[in-house]
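> Here is how the chains run, residue by residue.
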Amino acid sequence: MKVDSIRNGVVIDHITPGRGMAIYRFLGLDRLNCPIAIIMNAASRRMGAKDIIKVDVDLPLELDALGYIDPDVTVNVIENGILTRKYHPGLPEEIVDIVKCKNPRCITTTEQELPHVFRLTDKENRTYRCIYCESKSKE
Amino acid sequence: MRHLIGMDDLSVADIDKLIATAEDIIASPEKYSDVCRGKKLATLFYEPSTRTRLSFEAAMMELGGGVLGFSEAQSSSAAKGESVADTAKVISCFADIMVMRHFKEGAPMVAARNASIPVINAGDGGHNHPTQTLTDLLTIKREKGRLTNMTIGLCGDLKFGRTVHSLIEAMSRYEGIRFVLIAPEELPVPDYIKHEVLEKNGIPYEETTDLEAVLPSLDVLYMTRVQRERFFNEQDYIRLKDSYILTPLKLAKAKADCTVLHPLPRVNEISVAVDKDPRACYFKQVLCGKYIRMALIKMLLESTSEEA
Ligand SMILES: [Zn+2]
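Listed in order, the protein sequences are those of chains A and B.
For what it's worth, this note's numbering labels the leading residue of the first sequence as 1, then goes sequentially.
For what it's worth, this note's numbering labels the leading residue of the second sequence as 140, then goes sequentially.
Any given hint might turn out to be false.
[To be verified] Taking lysine-lysine and the DSBU-like style, the derived pairs with C-alpha atoms no more than 35 angstroms apart in a straight line are:
(1) LYS228(B) / LYS136(A)
(2) LYS123(A) / LYS102(A)
(3) LYS178(B) / LYS102(A)
(4) LYS280(B) / LYS170(B)
(5) LYS333(B) / LYS136(A)
(6) LYS86(A) / LYS100(A)
(7) LYS170(B) / LYS100(A)
(8) LYS100(A) / LYS333(B)
(9) LYS123(A) / LYS380(B)
(10) LYS280(B) / LYS219(B)
(11) LYS123(A) / LYS389(B)
(12) LYS283(B) / LYS102(A)
(13) LYS228(B) / LYS179(B)
(14) LYS136(A) / LYS380(B)
(15) LYS136(A) / LYS123(A)
(16) LYS138(A) / LYS178(B)
(17) LYS429(B) / LYS389(B)
(18) LYS228(B) / LYS283(B)
(19) LYS219(B) / LYS156(B)
(20) LYS138(A) / LYS339(B)
(21) LYS298(B) / LYS136(A)
Note that these hints are calculated values from the structure, not bench results.
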């Protein structure tokens, strides 16, 4: 694929430099078999440098969790070669099965079918806590 | 539908309403002897806590309701591997309200997300035990006539004692509260309580290892147990344990209207000779526990029937 021209897919722009690979893994992009481009340390007027991920894919991508990892990214949705939507995921209020609770005393350690749910409890410090045991999330 | 999983589930207005109801129950119990007629409380105790379970059962009986349940995991379907989520759904078919105690943190929250009846947390590991805190608040209110403007001393194991942390958080929501934190150096109040609760809300506090020195300034003294297993070596434990035992001699230094509380069971941290002192309120506290649970059961059942 030509990095610049995507037919159908998303461009995740304004990624904090160095976070591109983390987002790639976090979103499970390694499990897709479509063309993916990761651009590291691209020049950015706003940020100095940034990472960019381009995914050429027809299926909808699950991007809710993206804001948890890097809330200031811009998501550009491209359909039939045209930019149809542009948005900032922001900090999600709740993330489900994105991170696991690491507290060994938490009920999620014994009941393995429970969803791992974390809720945003402090916007300023970007603190997420397990809804069951209230432990802070760790990436 | 409402649940009580942690003290965060209650506003100050809710707490005041629960306390007012409990005080009205104490004043005229006959008015309440029938309010839960035909209702059933299920007690799901995955770990034994006879005192808490009996308090809930007595509370429901005095409201005219019935009780059913289990008192240890071995005798329940949990022993066969049923999940808390499934148990909550099943129990919802039998009872109108459930109380859960579990050794894992967050188990009552799992129940609440799956039940179709109100869930009360009766202790989930070292995490939450909101009805103990409500009990403490009611006792302080009864003894002091207020929940504002007083100095509260907390003594003993302040590091691991969840009842202490929860009481600090709850009392921090009232005006004019000052805390004196009395603990051995090994067992201080955790930093997050100091930073996120006390300092964040501008609440004055003092830390000390010397109970006798601060006793005269206290309006409430909340004693907890200093457990041997919290110390690395036996000598430290032996050196410290006596300084946190309340005796009549020490209590002589306290205010005439000081209120002495303890979540019980005590081992030896309050000598039996103190029990006769009118300032010793820890058995009244047990009674308050039953009344506040009556108020809570009534409130949660009413919130459910209002929605129906
Ligand atoms: Zn957890």
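> State for each hint whether it applies.
Here is how each hint holds up against the structure:
1. Annotation: proposed proximity of LYS228(B) to LYS136(A) holds, straight-line Cα distance about 28 angstroms (limit 35 angstroms).
2. Taking the CA atoms of LYS123(A) and LYS102(A), the gap is near 21 angstroms; set against the 35 angstroms cutoff, the hint holds.
3. With a C-alpha separation of about 39 angstroms, the suggested pair LYS178(B) and LYS102(A) falls outside the 35 angstroms cut-off, and the hint is violated.
4. Between LYS280(B) and LYS170(B) the alpha-carbon distance is near 22 angstroms, which keeps this suggested pair within the 35 angstroms criterion.
5. At most 35 angstroms may separate the alpha-carbon atoms for a hinted pair to count; LYS333(B) and LYS136(A) meet this at roughly 18 angstroms.
6. With a C-alpha separation of about 30 angstroms, the suggested pairing of LYS86(A) with LYS100(A) holds against the 35 angstroms cut-off.
7. With a C-alpha separation of about 49 angstroms, the suggested pairing of LYS170(B) with LYS100(A) is violated against the 35 angstroms cut-off.
8. Pair hint LYS100(A) plus LYS333(B) holds up; C-alpha atoms about 28 angstroms apart against a cutoff of 35 angstroms.
9. Distance check on the hinted pair: LYS123(A) and LYS380(B) sit about 43 angstroms apart at the alpha-carbon level, beyond 35 angstroms; violated.
10. At most 35 angstroms may separate the alpha-carbon atoms for a hinted pair to count; LYS280(B) and LYS219(B) exceed this at roughly 44 angstroms.
11. In summary, the hint linking LYS123(A) to LYS389(B) is not supported, as the alpha carbons are separated by about 47 angstroms, beyond the 35 angstroms threshold.
12. In summary, the hint linking LYS283(B) to LYS102(A) is not supported, as the alpha carbons are separated by about 42 angstroms, beyond the 35 angstroms threshold.
13. A distance of roughly 15 angstroms separates the Cα atoms of LYS228(B) and LYS179(B); the hinted pair therefore holds under the 35 angstroms criterion.
14. For the given pair, LYS136(A) sits about 34 angstroms from LYS380(B) by alpha-carbon distance, which is consistent with the 35 angstroms threshold.
15. The suggested pairing of LYS136(A) with LYS123(A) holds, with an alpha-carbon distance near 13 angstroms, which does not exceed 35 angstroms.
16. Note on LYS138(A) and LYS178(B): the hinted pairing is violated, with a Cα-Cα distance of about 43 angstroms set against a maximum of 35 angstroms.
17. Between LYS429(B) and LYS389(B) the CA atoms are separated by roughly 30 angstroms; this keeps the pair inside 35 angstroms, and the hint holds.
18. Distance check on the hinted pair: LYS228(B) and LYS283(B) sit about 42 angstroms apart at the alpha-carbon level, beyond 35 angstroms; violated.
19. Proximity of LYS219(B) to LYS156(B) is assessed by CA-CA distance (about 41 angstroms); at most 35 angstroms being required, the pair is judged violated.
20. In summary, the hint linking LYS138(A) to LYS339(B) is supported, as the alpha carbons are separated by about 24 angstroms, within the 35 angstroms threshold.
21. For the proposed pair LYS298(B) and LYS136(A), the alpha carbon gap of about 19 angstroms is at most 35 angstroms, so the pair holds.
Consistency with the previously given hints fails for numbers 3, 7, 9, 10, 11, 12, 16, 18, 19, ordered from lowest to highest.
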